[in-house]
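Visitor: Given next are the chains, with one letter for each unit.
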Amino acid sequence: MELTGNEQRIHALFSELKLADKRSTPGFAAMCNPAQSRTATRRHSFTFSLAATTAAAVLVVAIFSLWLWSARRQQTPAIRNVAGAPAATKDLPSQAVNQPQSKETVVREQHIYANPKPRSLSVAARRQAAMLASRRAPVRDAAAIFGWQSPTIALLRSPGDEVLTSLPQINETVDELKSFLPGRIN
Amino acid sequence: MEIAELRDELEKHHTASFGWALSCCRRDRIEAEEVLQTVYLKILEGKARFGGEATFRTWLFAVIRKTAAGEHRNRLLRKLKFAVSPEQVRQTGSAEEEPANALERSETRLRFQHALGRLPRRQREVLHLVFYEDLTLREAGEVMGVSIGSARQHYERGKKRLRKYLGQTETDYGVNWKRTENPRAV
Numbered sequence: 000m001e002l003t004g005n006e007q008r009i010h011a012l013f014s015e016l017k018l019a020d021k022r023s024t025p026g027f028a029a030m031c032n033p034a035q036s037r038t039a040t041r042r043h044s045f046t047f048s049l050a051a052t053t054a055a056a057v058l059v060v061a062i063f064s065l066w067l068w069s070a071r072r073q074q075t076p077a078i079r080n081v082a083g084a085p086a087a088t089k090d091l092p093s094q095a096v097n098q099p100q101s102k103e104t105v106v107r108e109q110h111i112y113a114n115p116k117p118r119s120l121s122v123a124a125r126r127q128a129a130m131l132a133s134r135r136a137p138v139r140d141a142a143a144i145f146g147w148q149s150p151t152i153a154l155l156r157s158p159g160d161e162v163l164t165s166l167p168q169i170n171e172t173v174d175e176l177k178s179f180l181p182g183r184i185n
Numbered sequence: 000m001e002i003a004e005l006r007d008e009l010e011k012h013h014t015a016s017f018g019w020a021l022s023c024c025r026r027d028r029i030e031a032e033e034v035l036q037t038v039y040l041k042i043l044e045g046k047a048r049f050g051g052e053a054t055f056r057t058w059l060f061a062v063i064r065k066t067a068a069g070e071h072r073n074r075l076l077r078k079l080k081f082a083v084s085p086e087q088v089r090q091t092g093s094a095e096e097e098p099a100n101a102l103e104r105s106e107t108r109l110r111f112q113h114a115l116g117r118l119p120r121r122q123r124e125v126l127h128l129v130f131y132e133d134l135t136l137r138e139a140g141e142v143m144g145v146s147i148g149s150a151r152q153h154y155e156r157g158k159k160r161l162r163k164y165l166g167q168t169e170t171d172y173g174v175n176w177k178r179t180e181n182p183r184a185v
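First to last, the protein sequences are chains A and B. Mapping of the first sequence onto numbering that gives the first Met the number 0: position 52 corresponds to residue 51, and the numbering continues sequentially without gaps. Mapping of the second sequence onto numbering that gives the first Met the number 0: position 180 corresponds to residue 179, and the numbering continues sequentially without gaps.
Hints in this document: simulated from the structure, not taken from any laboratory. Idealized CB from N, CA, C, for every residue including glycine. Among the hints, a few may not be true.
Unchecked claim - Just the calculated beta-carbon pair ranges, DEER-fashion:
(1) 63(A) - 29(B): 45 to 53 Å
(2) 122(A) - 69(B): 52 to 60 Å
(3) 1(B) - 18(A): 31 to 39 Å
(4) 54(A) - 7(B): 36 to 44 Å
Chain A on its own, in the form it takes in the complex (with noise of 0.2 Å):
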């Protein structure tokens, strides 16, 4: 290109400011240098910003399973409560209580329900204890029945009735076995 009167003007000009500019112009490295060490900088706060990323993840995680433990430990007594219902029936009467359990059955319990560690009872541990308690289901029912009370038993009851239910025994004296006899007046 060639240059007229007023661009070779300019282009002086130009030139002089580049002189300038020239003399004042940062070296190269340290330009390139900083721009690098921010690379640097950059890399490593993204190490940093994944490396608390997965730390928060982990908190999280471990929160929410620390919940979860707690949610099913408050469970385990209710399935305990259901499951343990017979106990309740020790009160009952033996014959009540004696109802047809094999022995394995309640040695599994025992395990089941002396286990100190809520966490160790599994889904099956817990499907065991279910099924328990639907077998203890008619036990209980039979228990409730035979410990029913009429609320007007009490009207029934009379000052001669413990000579009307009882019985001569054979290991009785005689004295005794002649409050039995007819025509006799105690």
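Please arrange chain B on chain A, whose structure you already have, making use of the hints.
Guide: Positioned in the frame of chain A, the structure of chain B alone reads:
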């Protein structure tokens, strides 16, 4: 292109790149340094890749121009969003001060710079690329992302306007600007 090769190329064009960055940042030295660092970072990180369609210098200048425009836009947004902090005020003050210090020895250069600053962006850019960086109009068009015809128009208008501004300032200073137009130029 490997990183070592890229570094060599960047180092080779460092002075010209800084001059171009200065022009793109309206002679703000600090902003130009930041832009150039960002550009180096982009290139070394591989965010800006040289495809080989143009010369390395043309491509580098285009990257600098785009980055400077982006940075300028971000600065404007930051200024709109937040109040200017004292640190920013200090930095801006020093940036305004520095060119004055650097150019106080040359009144002509100062006047030229002032006239250049009054030009529209595209006209200033094309004049800088042609006169300062010694690029052809085609290369200047490639850097600016415009056609050669458009680049030529900006060039002609820029020259005319610069002459006018320089004439005004030199008249103000009591110097006459001799107009010798060559119609066969460019």
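Visitor: Determine for every hint whether it applies to the structure shown.
Guide: Verification of the hints:
1. 63(A) - 29(B): 45 to 53 Å: Holds: the Cβ-Cβ distance is about 50 Å, inside 45 to 53 Å.
2. 122(A) - 69(B): 52 to 60 Å: holds (59 Å)
3. 1(B) - 18(A): 31 to 39 Å: Distance hint for residue 1(B), residue 18(A) holds at roughly 33 Å.
4. 54(A) - 7(B): 36 to 44 Å: Roughly 42 Å apart at Cβ, these two residues keep to the hinted range, so it holds.
Taken one by one, the earlier hints all hold for this structure without exception.
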